[in-house]
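Peer 1: Chain A is fixed; fit chain B onto it per the hints.
Residues per chain are reported as follows:
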Amino acid sequence: EAQVTQNPRYLITVTGKKLTVTCSQNMNHEYMSWYRQDPGLGLRQIYYSMNVEVTDKGDVPEGYKVSRKEKRNFPLILESPSPNQTSLYFCASSPFAQGDRGRAFFGQGTRLTVV
Amino acid sequence: AQTVTQSQPEMSVQEAETVTLSCTYDTSENNYYLFWYKQPPSRQMILVIRQEAYKQQNATENRFSVNFQKAAKSFSLKISDSQLGDTAMYFCAFIRPQGAQKLVFGQGTRLTINP
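Heads up: the protein sequence lines correspond to chains A and B, in order. Here the working numbering = 1-based position in the first sequence + 1. Here the working numbering = 1-based position in the second sequence + 76.
Only chain A is shown next, with the shape it has when bound in the complex (with noise of 0.2 Å):
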């Protein structure tokens, strides 16, 4: 079955205690993003990687991190959580043909709270 594997599904952290969210997808596609869901803001791109070894920045990039050094995964680290980082996230990935640019595949999302 074609999917996107995010885990953990919901998390509880301290305030600078670093973690990762995994991110995998079993459809061989060159893009992958970050977003984070928050309410009344819609859905916001955090990272987003065109492919192995290269990633760029989103809109809302500032206190993450995501690293692309094999295709089918890409996880996002926060460092050093703070709260405002509390959100839903919600990794996705997407084929490279112009026919279907934008049918982006999303995972389950992750709620993270940050205390």
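Please keep in mind that the hints were generated in silico from the structure rather than gathered at the bench. A couple of the hints might just be wrong.
[Unchecked claim] A few chain A positions that, by computed beta-carbon distances, are all more than 12 Å from chain B:
1) 14
2) 72
3) 78
4) 80
[To be verified] Stretch-level coverage of chain A by chain B, calculated; a stretch enters the list once three of its residues show a Cβ under 8 Å from a Cβ in chain B:
5) 34 to 45
6) 51 to 62
7) 86 to 97
8) 100 to 107
Idealized CB from N, CA, C, for every residue including glycine.
Peer 2: Okay, now just chain B, sitting in the frame of chain A:
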């Protein structure tokens, strides 16, 4: 920068009724893609419908159809014969035709279908 606006935070209709969700966007691009994504209580983001701006014909997917007014920069979603399973948050989204795979989302409309 592109922006997407959904002016209806919440809507509620009776089962079997028709409902229309509004979306406006702002861009200086001539070609682009527009989407409606559905987020049910399970949090999974699901692509409902996709419209290519250079196509004048409005996209349809079973009970879901759009009214795309390019000059007015308007992209509304009509759900016919609404069902309880249509209860969800609906997001309108925009993507440029080239460059970074960044979906720009609206704030979302929470739709409730009542029995």
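Peer 1: Taking the hints in turn, state whether each one holds.
Peer 2: The hints, checked one at a time:
| no. | hint | result |
| --- | --- | --- |
| 1 | 14 | holds, 19 Å |
| 2 | 72 | holds, 15 Å |
| 3 | 78 | holds, 20 Å |
| 4 | 80 | holds, 23 Å |
| 5 | 34 to 45 | holds (count 7) |
| 6 | 51 to 62 | holds (count 4) |
| 7 | 86 to 97 | holds (count 4) |
| 8 | 100 to 107 | holds (count 5) |
Going down the numbered hints, you'll see the structure goes against none, and every one checks out.
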